[in-house]
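Given next are the chains, with one letter for each unit.
There are 2 protein chains.
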Amino acid sequence: MNAPRRVGDIQTPALVIDAAALEHNLTTMANARPGGRLRPHVKAHKSTALARLQLAHGHRSFCAATPREILGLAAAGFTEDLLLANECIDPQRLRALAQLDTDVMIALDSEATIDAASAAGIRAALIDVNVGLPRCGCDPNNAGRLADVARDRGIAIRGVMGYEGHVVGVADRTTRSEQCRNSMELLAQAHALVGGEIISAGGTGTFDISALPTEIQAGSYALMDSTYAQLDTPFRQALFVATTVVSSNSKFAVADCGLKSLGMDHGNPEIANKTVWFCSDEHTTFSRPEPVGTRLLVTPAHVDPTAAYHELYYIAEGANPDAAVIDEIAIDLRGW
Amino acid sequence: MNAPRRVGDIQTPALVIDAAALEHNLTTMANARPGGRLRPHVKAHKSTALARLQLAHGHRSFCAATPREILGLAAAGFTEDLLLANECIDPQRLRALAQLDTDVMIALDSEATIDAASAAGIRAALIDVNVGLPRCGCDPNNAGRLADVARDRGIAIRGVMGYEGHVVGVADRTTRSEQCRNSMELLAQAHALVGGEIISAGGTGTFDISALPTEIQAGSYALMDSTYAQLDTPFRQALFVATTVVSSNSKFAVADCGLKSLGMDHGNPEIANKTVWFCSDEHTTFSRPEPVGTRLLVTPAHVDPTAAYHELYYIAEGANPDAAVIDEIAIDLRGW
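Those sequence lines, one after another, are chains W and D. Quick note on numbering: numbering that gives the first Met the number 0 labels position 7 of the first sequence as 6, and the sequence is numbered without any gaps. Quick note on numbering: numbering that gives the first Met the number 0 labels position 66 of the second sequence as 65, and the sequence is numbered without any gaps.
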């Protein structure tokens with residue numbers, strides 16, 4: 000395909016980023032949490048080119064959810080301060096992380112994860128603490144003991160992390176703040192037992208709520224989605240799925256994006272001024288139809304699993320079919 | 000990574016196919032609908048290697064949902080009878096299909112799709128008929144007129160297709176049969192107006208219900224998912240997501256598969272003898288916990304968007320961690 004000059008020339012379905020909205024989001028966050036007070040989470044966008052923009056906004060520490068994301072960041076020159084904010088017990092992948100010429104930490108929440116990290120030669124870690132989300136993380140009361148075990152095995156424990164994932168999406172800010180405070184109290188208890196200079200927590204929904212974390216692990220803020228848009232954050236929708244109407248009648252029309260170009264766990268995507276009826280593999284049916292050939296920009300309900308389906312982002316000077324396409328960047332951190 | 004010898008050696012998350020279940024499914028379908036009476040839909044598995052197994056079971060006609068699937072099939076040597084069972088108006092992609100040294104048909108449901116096909120040099124097509132699913136397809140009464148328009152433009156119209164997607168998943172077979180009959184009556188009306196030797200319809204849930212279709216477009220039957228498993232089909236679950244428990248406590252455990260390795264539009268995946276609480280990007284939390292390091296096989300709720308997240312299938316002699324891995328095949332038809 001020739002490089003598209005306008006959003007309306009892009010072969011669909013494809014991801015489009017509104018450059019001004021992205022820049023607004025990166026600047027807004029960098030002002031609120033400059034430098035090391037933000038550890039951008041690359042799991043949301045899975046792109047080293049986008050991480051480089053975050054670096055240009057002053058953030059030098061990054062975190063990731065998969066070993067492949069860490070290895071990809073390191074290969075792209077992000078060698079200063081990387082955190083695998085996830086548990087991993089795979090010996091091969093842990094060895095690959097340990098052998099990087101990079102300052103890499105991982106998350107530990109059990110003796111089994113400590114055993115695996117120690118055997119692979121991992122040198123630094125955070126103790127991952129359960130702060131209310133039923134997922135990874137140790138009991139706060141057990142954090143100090145685990146830190147001792149890890150240190151005895153030669154792993155430098157630099158602090159704690161705890162993700163209040165059950166809180167970041169709560170719509171009402173007062174409730175969200177209250178629940179976040181409860182979670183951060185648990186994290187503070189754990190940190191008192193563990194020590195270390197890092198208290199890593201949070202996400203896009205709680206980036207400005209608590210004074211406790213030394214750094215926030217936010218990812219979605221850069222691109223946003225229709226779920227986060229329901230909160231009162233200062234971030235703008237920057238990510239869209241460009242799509243083309245391929246079938247139309249008097250009642251409904253069908254756009255060429257579907258379950259394989261959209262993360263669906265948060266429900267249907269949104270189309271401005273339309274009602275989305277349902278998505279199937281390669282289609283989205285909506286009412287208030289438009290003619291065949293109409294280009295539309297669809298807002299995904301959840302950015303992370305949407306990005307993971309795609310190979311690249313088109314960067315555009317606006318979020319409309321006439322906007323100029325000014326760049327293409329690879330989604331080069333897919334997979335595990 | 001060294002090639003894994005057992006399912007329990009595979010780096011997780013990853014797709015695993017139970018070879019015996021796959022073989023059962025392919026044989027069962029080939030017995031029920033031999034040769035050209037089945038047009039396997041590659042959108043479900045997105046793999047030319049898996050299509051080759053379907054070819055070895057006697058099916059020589061294939062259908063696909065995206066131009067890239069068709070181009071990939073053609074490049075892999077499937078040059079006999081390919082159908083893009085979807086509307087496409089992209090001039091570049093249509094030209095690429097028209098220039099293949101392959102017998103390619105596409106679906107047409109409007110004058111706009113006919114215009115695009117004609118301009119690109121497409122030589123053959125089916126008229127796509129709406130048989131009740133609010134998606135692509137023309138009004139049955141309009142099918143004959145569209146066929147005339149297309150033929151006037153030099154496009155050979157070989158018949159009709161109509162996908163009763165609103166019917167294929169209906170749990171009760173009597174209701175499913177009745178609704179399928181209604182849809183096939185609409186398709187028969189359209190075929191009477193259009194003519195041609197092909198009446199293409201159906202899916203895994205209706206492959207044996209109607210006598211009308213000359214061919215069935217089934218895809219899910221090969222690998223299956225937990226949604227189709229609720230029907231009374233003779234097909235077995237062949238596809239699993241291999242996963243590892245990475246965190247565990249007395250109440251729940253966390254496996255390393257999530258929203259980026261599972262299609263979620265049909266809901267949570269299933270784990271035998273466990274209750275799945277929820278999935279997040281890289282995790283599935285479930286109760287009745289197992290220790291860290293335990294290998295589990297997770298059954299996806301929807302095969303198509305699950306396969307689209309992955310790069311390959313491991314073929315195994317069984318669906319358990321001790322089963323031998325006997326092959327790896329690429330998922331080489333991803334994207335559009």
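Worth double-checking, as some hints may not be accurate.
No copy labels: a pair is met if it fits in one copy or bridges any two.
What the hints assert, rightly or not - Pairs of lysine to any residue, SDA-like flavour, derived with a Cα cap of 25 Å:
(1) Lys273 with Ala2
(2) Lys273 with Asp80
(3) Lys273 with Leu54
(4) Lys250 with Ala111
(5) Lys273 with Gln178
(6) Lys273 with Asp207
(7) Lys273 with His165
(8) Lys250 with Ala210
(9) Lys250 with His165
(10) Lys273 with Ala119
(11) Lys250 with Arg333
(12) Lys250 with Thr226
(13) Lys273 with Pro288
(14) Lys250 with Ala123
(15) Lys273 with Thr174
(16) Lys250 with Arg144
(17) Lys273 with Asp331
(18) Lys250 with Thr78
(19) Lys273 with Val148
(20) Lys250 with Glu269
(21) Lys250 with Ala271
(22) Lys250 with Arg59
(23) Lys273 with Gln98
(24) Lys250 with Pro133
Hints listed in this document are in silico derivations from the structure and should not be mistaken for laboratory results. In this text, all values refer to a predicted model and were calculated from it rather than measured experimentally.
Here is how each hint holds up against the structure:
Proximity of Lys273 and Ala2 under a CA criterion of 25 Å is satisfied in neither setting, with 29 Å inside one chain copy and 49 Å between copies. Taking CA atoms no more than 25 Å apart as the test, Lys273 paired with Asp80 passes in neither setting, with 44 Å inside one copy and 38 Å between copies. In this assembly of identical chains, the alpha carbons of Lys273 and Leu54 never lie at most 25 Å apart, being 37 Å within a copy and 42 Å across copies at closest. Proximity of Lys250 to Ala111 under the C-alpha cut-off of 25 Å is restricted to the inter-copy arrangement: shortest distance 17 Å between copies versus 57 Å within a copy.
For the identical chains of this complex, Lys273 and Gln178 are neighbours neither inside a copy (35 Å) nor across copies (29 Å), given an alpha-carbon limit of 25 Å. Proximity of Lys273 to Asp207 under the C-alpha cut-off of 25 Å is found in neither arrangement, the shortest distances being 33 Å within a copy and 38 Å between copies. Taking identical chains as interchangeable, the C-alpha atoms of Lys273 and His165 lie at most 25 Å apart only when they sit on different chains, with a minimum of 22 Å there against 30 Å within one chain. With identical chains, the CA atoms of Lys250 and Ala210 are never at most 25 Å apart, being 52 Å at best within one copy and 31 Å at best between copies.
With identical chains, the CA atoms of Lys250 and His165 are at most 25 Å apart between copies only, with a shortest distance of 17 Å across copies and 39 Å within one. For a Cα distance limit of 25 Å, the shortest separation of Lys273 from Ala119 qualifies neither inside one copy, at 53 Å, nor across copies, at 31 Å. In this assembly of identical chains, Lys250 and Arg333 lie within 25 Å of each other by CA distance neither inside one copy nor across copies; the values are 38 Å within and 32 Å between. Neither within a single protomer nor between protomers do Lys250 and Thr226 lie at most 25 Å apart by alpha-carbon distance, with minima of 27 Å and 29 Å respectively.
In this homomeric assembly, Lys273 and Pro288 come within 25 Å of each other (Cα to Cα) only inside a single copy, at 8 Å, whereas the closest approach across copies is 44 Å. Taking the shortest Cα distances, Lys250 and Ala123 never come within 25 Å of each other, neither inside one copy (59 Å) nor across copies (29 Å). In this assembly of identical chains, the alpha carbons of Lys273 and Thr174 never lie at most 25 Å apart, being 31 Å within a copy and 32 Å across copies at closest. In this assembly of identical chains, the alpha carbons of Lys250 and Arg144 lie at most 25 Å apart only when taken from different copies (20 Å versus 63 Å within one copy).
Taking the shortest Cα distances, Lys273 and Asp331 never come within 25 Å of each other, neither inside one copy (33 Å) nor across copies (34 Å). Neither within a single protomer nor between protomers do Lys250 and Thr78 lie at most 25 Å apart by alpha-carbon distance, with minima of 54 Å and 38 Å respectively. In this assembly of identical chains, Lys273 and Val148 lie within 25 Å of each other by CA distance neither inside one copy nor across copies; the values are 56 Å within and 31 Å between. For the homomeric pair Lys250 and Glu269, the shortest alpha-carbon distance inside one copy (18 Å) is at most 25 Å, but the shortest distance between copies (37 Å) is not.
For the identical chains of this complex, Lys250 and Ala271 are intra-copy neighbours only, at 17 Å inside a copy versus 43 Å across copies, given an alpha-carbon limit of 25 Å. Proximity of Lys250 and Arg59 under a CA criterion of 25 Å is satisfied in neither setting, with 51 Å inside one chain copy and 37 Å between copies. In the homo-oligomer, the alpha carbons of Lys273 and Gln98 never lie at most 25 Å apart, since the shortest distance is 51 Å inside one protomer and 37 Å across protomers. Proximity of Lys250 and Pro133 under a CA criterion of 25 Å is satisfied inter-copy only: 9 Å between copies versus 44 Å inside one chain copy.
When the structure is compared with the earlier hints, violations turn up for hints 1, 2, 3, 5, 6, 8, 10, 11, 12, 14, 15, 17, 18, 19, 22 and 23 and for no others.
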